[in-house]
Amino acid sequence: MLDRAPAETSAKDEATRRVRFRGAGFVPASSRYGGWIALALVIAIWQAAGSTGLVNALFLPTPSAIARAIYQLAISGALWQHLSASLLRIGVGWLLGTVAGVAVGFAIGLSRLARSVGITFISALFPIPKIALLPLLILWLGIGEEPKIATIALGVFFSTAISVYSGVDAVPRNLIRMAQSFNVPFATIVRKVIWPGALPAILAGFRITASVALLLVVSAEMIGAQYGIGAFVLQAGNLMQTDQLLAGVVILSVFGLAVGKVIGWLETRLLHWR
Amino acid sequence: MDLIANHITHRFGDLAVLDDVSFTVGAGEVVAIVGPSGCGKSTLLSILGGLLQPTSGAPELRGAPPADSLNPLTFVFQDFALLPWATVEENVEFPLLHAQLSAAERRALVDDALRRTGLTDFRQTYPKQLSGGMRQRVGISRALAVKPAILLMDEPLSALDSQTRELLMEDFVRLLADGGMGAVYVTHNLEEAARLADRIVVLSRRPGRIREVVTVPMTRAARGEAAAREKLLALQNQIWSLIRNEAIDAEREVQHA
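Which chain is which? The protein sequence lines are D and E, in order. Per the working numbering, the very first residue in the first sequence carries number 1; after that it's consecutive. Per the working numbering, the very first residue in the second sequence carries number 275; after that it's consecutive.
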């Protein structure tokens, strides 16, 4: 038979007090609607400040004026003209830079020779602001679309290569050893272990490269383009059409948000196991 | 098929880890390797399994593996080494993907391995949804799927709580009962070694040398009986007396490292 522990004894007449809870805070959870409410509030204040004449509409047009400008751009067809030019440059540039960056990143992550050569070059070239290379690229490639696309591709390439080889480096070595212990061939290890293991870092890199591409397309279009959101924003600024200028900025912001959503969706689909 | 450690010596740079270690694991035999922390037990296992090149000496095989063995030397890892993005079924199937097997044959091997480890109902589960013990069962299931001749187990229970350890130990005893599969079992737990092994290789402090090879004088089936407990305890005490002082020195060394 098991021995029972003696019954607990306590001085019942002595007053008790609760242990103070000390574990609050440091768990920031965002509320579902908080951000939208704050945004609506800022827009409302901004609108009120403009409508009452508190802020000069030339320097800061009201949200309703910006919305009108976007609407007019849309119905005139100019929005699509500028947007499609920018999207084409970003799409082609990002794709080229990403394909090359993933290939080089994997090579650096997997090969000793590629690592020793590649990291030296990437370390030397990554810090260069890629927009500074645009004049040189215009000299090399002419004044068409090519130098703008090449600028975007270069900016995307370095960030992608870095995030890919960092992702490959971060794949737990024990998983690779496990695969080797089962005589799994190199190509299968890359496909089934290293690629999915590096994917979180690669997708995080895509978020960065999408911003880089957006930044570079606007900069490149400001330097030398007839069409494109960057060119449109610059022209509007030169003509003091601040409602048009801010309409361009809003379009860029919406584009950035849309890209972020797409990458978020990809992460949910591809990294559901996390 | 026998696995032979043939005068294995290993150094990591200036650090001598193993010094002239030789022993043979016979077909169907379970050999435990014990010794103080840092004596090179896991290094020795990696060398035996071909995952690490020894500085000198070599791991060797004698005799042919069973005809149906897809990976004669198969590891069970301390940290389970499961692919977190793959389900239990996909993890168990992973080492079979490159084998020359039809989908039906692969499926049959996976089903059998899952059944033997009690994982049939968890085949679509992801590792993060499983407890530590269940994760290690997946690791064991994956190892069984390739029909190994010798399991190389690197402290397979050390990351688990004591109750789960006990349950998995019973599983190991059951899996190794028919003598069709041998094992090298690296552990710092002398009770596990005494419960499971036919022979226990006791290594000295770094650089690890063989201090003694102790034969466990009873069958694995008999070790579960009450009468065997005292004998096993005496055996553990005997081994502990061999390594106690060195284990104390090794622990101090680790603390000062």
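It is worth saying that the hints were derived from the structure and are not from the lab. Possibly wrong hints are sitting among the right ones.
DEER-style ranges, computed between Cβ atoms [as the list claims (entries may be wrong)]:
1. D:R191 <-> E:D276: 32 to 38 Å
2. D:V254 <-> E:L441: 44 to 50 Å
3. E:P491 <-> D:W273: 45 to 51 Å
Since the model is a prediction, treat every value here as computed from it, not as a measurement. All residues carry an ideal CB built from backbone N, CA and C; glycine is no exception.
We went through each hint and held it up to the structure:
no.: 1; hint: D:R191 <-> E:D276: 32 to 38 Å; result: 35 Å, holds
no.: 2; hint: D:V254 <-> E:L441: 44 to 50 Å; result: 56 Å, violated
no.: 3; hint: E:P491 <-> D:W273: 45 to 51 Å; result: 48 Å, holds
Violated hints amount to a single one, hint 2; each of the other numbered hints is respected by the structure.
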